[in-house]
Structures are given as structure tokens and as C-alpha cells.
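Protein chains in written order, with numbering that gives the first Met the number 0: chain B, 0 to 160; chain E, 0 to 160.
Misleading hints may appear alongside valid ones.
Same chains, same names: a pair is fine if it fits in one copy or spans any two.
[Unchecked claim] Below, simulated EDC-like cross-link-like pairs (lysine to aspartate or glutamate); rule was C-alpha separation at most 16 Å, straight line:
| # | residue 1 | residue 2 |
| --- | --- | --- |
| 1 | K119 | D87 |
| 2 | K123 | D87 |
| 3 | K125 | D87 |
| 4 | K119 | E84 |
| 5 | K123 | D106 |
| 6 | K85 | D106 |
| 7 | K123 | D72 |
| 8 | K151 | E109 |
| 9 | K85 | D156 |
| 10 | K151 | D9 |
| 11 | K125 | D72 |
| 12 | K125 | D115 |
| 13 | K119 | D11 |
| 14 | K151 | D87 |
| 15 | K151 | D11 |
| 16 | K119 | E52 |
| 17 | K123 | D156 |
| 18 | K151 | E13 |
| 19 | K151 | E84 |
| 20 | K125 | D37 |
Hints in this document: simulated from the structure, not taken from any laboratory.
Since we're looking at a predicted model, the values are computed, not measured.
What follows is the residue order along each chain.
There are 2 protein chains.
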Amino acid sequence: MTTRPDPVRDADPEALALARSLLAGATYAALAVTDPADGLPGISRIAFGLGPEGMPMTLISSLSTHHGALRADPACALMVGEPGEKGDPLTHPRLMVKARAVFVAQDAPERAALRDHWLKAHPKAKLYVDFGDFGFVRFAPVSILLNGGFGKAFRIDPSAL
Amino acid sequence: MTTRPDPVRDADPEALALARSLLAGATYAALAVTDPADGLPGISRIAFGLGPEGMPMTLISSLSTHHGALRADPACALMVGEPGEKGDPLTHPRLMVKARAVFVAQDAPERAALRDHWLKAHPKAKLYVDFGDFGFVRFAPVSILLNGGFGKAFRIDPSAL
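The whole structure should be built from the sequences, with the hints applied where relevant.
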């Protein structure tokens, strides 16, 4: 057995730049929630993007299981940064964001601007963005961990992004 | 607003075949846990494979945050089925498995067979499989949901796989 250093360090400028590029490049994410039916962890794939002010957000249907979970308990975690088709997927960088979900009401004044912004990065969403069950949800980051591969984990202060 | 049917159906043979192929083809997964430090959802990427008997499993380091979380509370959820680089990622099928983690002790008689089996599908893991902090964890499925794209969600009985 070899001794290895504390695997999590504070982010340096290179780590911050990588974190920003992972957030800016992601069009989908994995979302961890607490299932209100049984109190156990649940997981889903969601659409992902950054709002006009740079805050992570999604567009989800109220028919989805994760929508009900976030309504019952807005504490959640997101993972972005998907491996390509080559190489060891565990060495591909990914960002894990603990967050609180903040629902945007269908009649909120800001919805029109969010809709226009979202459709620029997710043009296929125009097929369903106006369905009555689809709404925007923002994620207010609580803590962020960047894993850049084995032995390259960094804590990131959400305000630094 | 249009009325749409209950989005979750019981699995048909085609859905079962898709679920089996997603499990058999995955080399990594997203893992949702409950963080013992704060009781909130946490998420990570883990290596993923099927054991000799077909049960989902992983190889993880005891230095990882998810290892500590699973030790404190083995209830978790896995998602497998990664989008390719083309098309709408939300239409790509994925399997969401609620499970309980079962740790395989380093001195368990079965470890040698699991190690050989794992390395066939994850040859790069030979670089670290024998580090003292790496161990195998099996996932006993509790419930399974297959999402094959919008409007194509199926409940799957774990015993059917």
C-alpha cells in the first residue's frame, strides 16, 4: 500500500478555468435528488445550461420524477463533464455541484428572457418549451468539487465562478 | 397545454432488451448518494461493470467521497447509458437503478475472481486495482426505471434482468 496525499486541494487558476469550461460546454447533466416517496437517493439526466447571468439552470417537465423530488426538497447535486468516446472515462474531468433548486414560475416576468436565452443553446427544445408542463429551474450552487482525474480533485468556491 | 398519458409503463420485451444492453455496455456510471456530512444529495462518476453473475458492480477508492457516503448509508442510485456526440442527449436511453451497495472485503475469498473478471472489461484498472485503498462494491438493485426518451419510460422489475 502506498501513502498518497489528501486528494482534494483548493482550486488554482487552471482548475477554475477548467471548471468554467465544463459548465459553459455542458448541454446536459446528471441530477441527484432525494426521492420524496422513500427518502432514498434518486438520479436522472436533465438538460443543462447557464442562464444569462451564468447561473446553472434546466428546463424540466412537471411530469418527471425529479421535478416532484425537487419540489419536495430542493437540495440536489449536479454532475457535468461527459467523457468522449476514447480514453479512460474516469480520467475525463467532471464538476460536481451541490445546489438548491429554485423554480421559475410560468408567469414570472423573467421567463420570456430565459426562454429566448435557453433556445439559443438548446434549439431542439423549441419542440416542447411551450408545453404547459415544462418550466425552468435555476440551481443555486452550495459547494463545488472538480475532479480532473485520479489525484486531481479541487474544491471550488461557487463565488469564484 | 396538451394532455399526455402516464409517462411510466411496465416494461415490454423490447424495453427489457434495451435495459440489458445498457447495463452490459456501460463502463462507467453516475452515482447518487446521501452525503453523511450534511445529509444532502451527492453525485460522482464511478467505474461500472457487471459481475460474473450479472450484478452491477464498481471498483472504488476508500479515499473517494462516495466511498465514505456508501459506508455510512448504502442506499444509492446509479445511471448508465451515455449519449453519443450527436443528437439530442435527452433522447438517448438511460437506465436509473436504485440500489444498495454491498462492499466486498479485501480478504473475501471471491475477490480474486472478481478482480480477474473486472480486468477483462476494464484493462486500464490494472494500474490501480491492487492499491490498498481500492475495493469492489456490488450494487443490489431495488428498483429500475428505463428512460428511452420523451414519453418512453418503463418500470423494470430487477428480477427480470
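Comparing the hints with the structure gives:
For a Cα distance limit of 16 Å, the shortest separation of K119 from D87 across copies, 14 Å, qualifies, whereas the shortest one inside one copy, 32 Å, does not. Taking identical chains as interchangeable, the C-alpha atoms of K123 and D87 lie at most 16 Å apart only when they sit on different chains, with a minimum of 7 Å there against 30 Å within one chain. For the homomeric pair K125 and D87, the shortest alpha-carbon distance between copies (12 Å) is at most 16 Å, but the shortest distance inside one copy (35 Å) is not. Taking identical chains as interchangeable, the C-alpha atoms of K119 and E84 are never at most 16 Å apart, the minima being 26 Å within one chain and 19 Å between chains.
With identical chains, the CA atoms of K123 and D106 are never at most 16 Å apart, being 23 Å at best within one copy and 52 Å at best between copies. In this assembly of identical chains, K85 and D106 lie within 16 Å of each other by CA distance neither inside one copy nor across copies; the values are 44 Å within and 34 Å between. Taking identical chains as interchangeable, the C-alpha atoms of K123 and D72 are never at most 16 Å apart, the minima being 29 Å within one chain and 39 Å between chains. Proximity of K151 and E109 under a CA criterion of 16 Å is satisfied in neither setting, with 39 Å inside one chain copy and 31 Å between copies.
In this assembly of identical chains, K85 and D156 lie within 16 Å of each other by CA distance neither inside one copy nor across copies; the values are 31 Å within and 33 Å between. Within a single copy, K151 and D9 get their C-alpha atoms as close as 10 Å, which meets the 16 Å cut-off; across copies the closest is 42 Å, which misses it. For the identical chains of this complex, K125 and D72 are neighbours neither inside a copy (28 Å) nor across copies (41 Å), given an alpha-carbon limit of 16 Å. Within a single copy, K125 and D115 get their C-alpha atoms as close as 10 Å, which meets the 16 Å cut-off; across copies the closest is 49 Å, which misses it.
Taking the shortest alpha-carbon separations for K119 and D11, neither the intra-copy value of 31 Å nor the inter-copy value of 37 Å comes in at or below 16 Å. For the homomeric pair K151 and D87, the shortest alpha-carbon distance inside one copy (15 Å) is at most 16 Å, but the shortest distance between copies (31 Å) is not. In this assembly of identical chains, the alpha carbons of K151 and D11 lie at most 16 Å apart only when taken from the same copy (11 Å versus 43 Å across copies). In this homomeric assembly, K119 and E52 come within 16 Å of each other (Cα to Cα) only inside a single copy, at 15 Å, whereas the closest approach across copies is 47 Å.
For a Cα distance limit of 16 Å, the shortest separation of K123 from D156 qualifies neither inside one copy, at 33 Å, nor across copies, at 33 Å. When the C-alpha separation of K151 and E13 is checked against a cutoff of 16 Å, the pair qualifies only within one copy, where the shortest distance is 12 Å, while the shortest distance between copies is 41 Å. In the homo-oligomer, the alpha carbons of K151 and E84 never lie at most 16 Å apart, since the shortest distance is 21 Å inside one protomer and 25 Å across protomers. Taking the shortest Cα distances, K125 and D37 never come within 16 Å of each other, neither inside one copy (34 Å) nor across copies (38 Å).
Against the hints set out earlier in the document, violations occur for numbers 4, 5, 6, 7, 8, 9, 11, 13, 17, 19 and 20.
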